[in-house]
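So the protein sequences, as listed, match chains F and E. Take the first sequence: its position 102, counted from the start at 1, is 148 in the working numbering, and no numbers get skipped. Take the second sequence: its position 199, counted from the start at 1, is 204 in the working numbering, and no numbers get skipped.
One or more of the hints may lead you astray.
[Stated by the list, open to error] According to the in silico footprint, chain E covers these stretches of chain F (three or more CB under 8 Å from chain E):
1. 98-112
2. 173-184
3. 342-354
Think of the hints as simulated: they come from the structure by calculation, not from any bench. This one's a predicted model, so the numbers in the text were calculated from it and none came from an experiment. Quick reminder that beta carbons are idealized off the backbone N, C-alpha and C, glycines included.
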Amino acid sequence: MLVVKNDAYGHGLSTIATAAADAGIRSFATSDLATGLATRAVVPADTRVLAWPTGERSLLADAIAAEIEIGVGDFELLALLIDRHATRRTRVHLEVDTGLSRGGFRPDQWNSLASTVSAAVTSGAIELAGVWSHIAEASDDDDDDARSRYDEAVHALTTAGLTPGIRHLAASAASWARPEFRYDAVRIGAFAYGIRPAGGPDSATLGIRPIARLLAPVVAVDDAAVTVAVGSRDGLFSSLAGAVDVATSAGLRPLREVGAEVSRVGSWPGARVGDTVEIFGPAVEPTALAEAVGTIGEEVVTRIAPWVPRTTALSP
Amino acid sequence: MSRSRLHKWLAAMSGDHVLDLRHDAWGIGLERVLPLLAENPCAVCVDAAEGDRARAAGLVVVEASLCDNPLVARRETLKPPVIRVLSRVATTKRLRAGDGVSYGLTWRAKTDTTVALVAGGYAQGVVRALGNRASVLVEGERAPIVGRVAMDVCVIDVGSRVVRSGTEVVLLGDPEANEPPVAEWVSVTGLAPDEVVIPLCARGTAVVVP
Numbered sequence: 047m048l049v050v051k052n053d054a055y056g057h058g059l060s061t062i063a064t065a066a067a068d069a070g071i072r073s074f075a076t077s078d079l080a081t082g083l084a085t086r087a088v089v090p091a092d093t094r095v096l097a098w099p100t101g102e103r104s105l106l107a108d109a110i111a112a113e114i115e116i117g118v119g120d121f122e123l124l125a126l127l128i129d130r131h132a133t134r135r136t137r138v139h140l141e142v143d144t145g146l147s148r149g150g151f152r153p154d155q156w157n158s159l160a161s162t163v164s165a166a167v168t169s170g171a172i173e174l175a176g177v178w179s180h181i182a183e184a185s186d187d188d189d190d191d192a193r194s195r196y197d198e199a200v201h202a203l204t205t206a207g208l209t210p211g212i213r214h215l216a217a218s219a220a221s222w223a224r225p226e227f228r229y230d231a232v233r234i235g236a237f238a239y240g241i242r243p244a245g246g247p248d249s250a251t252l253g254i255r256p257i258a259r260l261l262a263p264v265v266a267v268d269d270a271a272v273t274v275a276v277g278s279r280d281g282l283f284s285s286l287a288g289a290v291d292v293a294t295s296a297g298l299r300p301l302r303e304v305g306a307e308v309s310r311v312g313s314w315p316g317a318r319v320g321d322t323v324e325i326f327g328p329a330v331e332p333t334a335l336a337e338a339v340g341t342i343g344e345e346v347v348t349r350i351a352p353w354v355p356r357t358t359a360l361s362p
Numbered sequence: 006m007s008r009s010r011l012h013k014w015l016a017a018m019s020g021d022h023v024l025d026l027r028h029d030a031w032g033i034g035l036e037r038v039l040p041l042l043a044e045n046p047c048a049v050c051v052d053a054a055e056g057d058r059a060r061a062a063g064l065v066v067v068e069a070s071l072c073d074n075p076l077v078a079r080r081e082t083l084k085p086p087v088i089r090v091l092s093r094v095a096t097t098k099r100l101r102a103g104d105g106v107s108y109g110l111t112w113r114a115k116t117d118t119t120v121a122l123v124a125g126g127y128a129q130g131v132v133r134a135l136g137n138r139a140s141v142l143v144e145g146e147r148a149p150i151v152g153r154v155a156m157d158v159c160v161i162d163v164g165s166r167v168v169r170s171g172t173e174v175v176l177l178g179d180p181e182a183n184e185p186p187v188a189e190w191v192s193v194t195g196l197a198p199d200e201v202v203i204p205l206c207a208r209g210t211a212v213v214v215p
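Work the whole structure out from these sequences, hints included.
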């Protein structure tokens with residue numbers, strides 16, 4: 047499953063979903079329902095689109111009508127879906143809490159969950175399309191415990207006579223490092239965009255590379271530095287100033303200042319207005335910027351403001 | 006965004022202030038902000054393509070270069086308490102002592118407690134560095150953000166309180182009402198006030214309240 051939430055991690059939902067569908071991907075996942083609907087609008091009809099809304103209800107009927115499968119982790123939403131009296135059965139993915147303590151049914155709820163869902167499936171109100179969870183990735187031992195709990199949850203459902211549908215537990219990191227976590231599907235976000243884990247294996251080891259570049263045009267040149275048109279208001283952390291290098295046509299140069307609207311980068315011979323500087327991309331990975339300021343590459347890419355233009359180029 | 010707070014604040018501004026409304030009024034939406042400025046016309050700085058729109062609303066449009074020059078103008082912006090940043094509780098969950106929360110299990114409950122899942126994570130501008138280091142306001146009381154902030158959600162500890170799903174959560178607002186001030190996020194993250202506020206406004210939906 048390709049995860050396309052938050053405008054495909056800031057890359058542009060329609061571009062990414064269309065390209066992925068062209069490449070044969072037939073399974074997409076997102077959190078909010080609006081993104082689910084926007085994905086549905088650009089992918090072929092036989093494509094699975096899963097959304098797991100966080101408290102959001104207003105688009106629920108539209109999403110179900112558009113055959114978006116719904117991730118459900120609490121009895122309130124589950125009851126809402128069962129009681130809809132819709133003409134079409136809602137396909138649900140039950141989220142179980144295996145130790146992350148965020149969304150998802152807790153272990154002490156699994157037996158009552160199994161009986162509720164069993165009755166609703168029998169009556170035709172819903173269809174069980176999947177069972178899923180998030181793991182904490184604190185350590186392999188913690189994740190092994192989470193996987194055991196996940197198996198217990200699936201067992202509780204099958205014991206009640208249910209067929210769990212698609213079982214999905216792993217996101218990028220575990221899908222790569224822990225084959226036993228793959229089950230029927232994996233949810234790939236970061237790695238699909240070429241974003242490696244902070245402090246983890248490098249991109250060459252993972253076989254990935256960033257698919258996006260943040261390119262900033264040079265708008266002024268003086269002896270000390272060039273001024274480029276990207277600033278902290280565009281989502282570039284001001285804390286990166288003095289902490290990282292960025293890529294120019296003459297090689298890496300220090301990112302000296304990050305202002306509100308513009309930033310300053312170490313100059314090079316022949317630098318001209320109209321040149322571009324790669325703030326992040328294959329040369330300086332988003333995760334490298336993230337590591338310099340104590341965060342992860344996903345935050346660096348999703349922070350880039352919606353008004354920064356996204357363009358698509360075919361590259362080798 | 007509060008209309009009355011905006012007017013009070015504009016009235017207190019002196020003549021050499023410039024209201025910075027670039028980036029579509031910080032993501033709030035010029036179409037929402039410009040009508041509110043009719044009663045207190047002031048000097049503004051807007052995105053390059055929006056000058057005519059601002060002038061048509063009766064405002065003096067100042068060049069961006071002047072707006073950025075602290076010697077020429079005092080730049081002011083639409084940060085709290087003129088605006089408040091709100092979210093809602095999605096679900097709540099009882100935890101037992103020792104239960105961990107969110108990626109990396111960086112926080113564990115010291116006693117049995119209740120946590121609430123709140124919509125809003127780092128992709129919506131709730132800076133990831135705030136996990137375990139900041140708090141929000143829920144029904145008049147502060148509640149700490151516990152564990153790592155995720156891409157779309159964060160978790161808060163509401164202790165022994167009973168909080169219903171749908172309850173309003175104040176992420177940023179007026180410190181006089183015990184709402185978290187921008188200064189708290191600035192102090193935790195080391196970021197500037199505008200870069201804290203703009204991503205939240207750019208991803209959220211702004212409404213004007215009295």
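Mind checking, does the segment 173-184 of chain F have 3 or more residues with a CB under 8 Å from chain E?
With 3 residues closer than 8 Å to chain E, the segment 173-184 of chain F meets the three-residue bar; holds.
With a cut-off of 8 Å between beta carbons, are at least three residues of the segment 98-112 of chain F near chain E?
holds (count 3)
Closer than 8 Å, Cβ to Cβ, for at least three residues: run that test on the segment 342-354 of chain F against chain E and report holds or violated.
holds (count 8)
The structure shown violates none of the earlier numbered hints.
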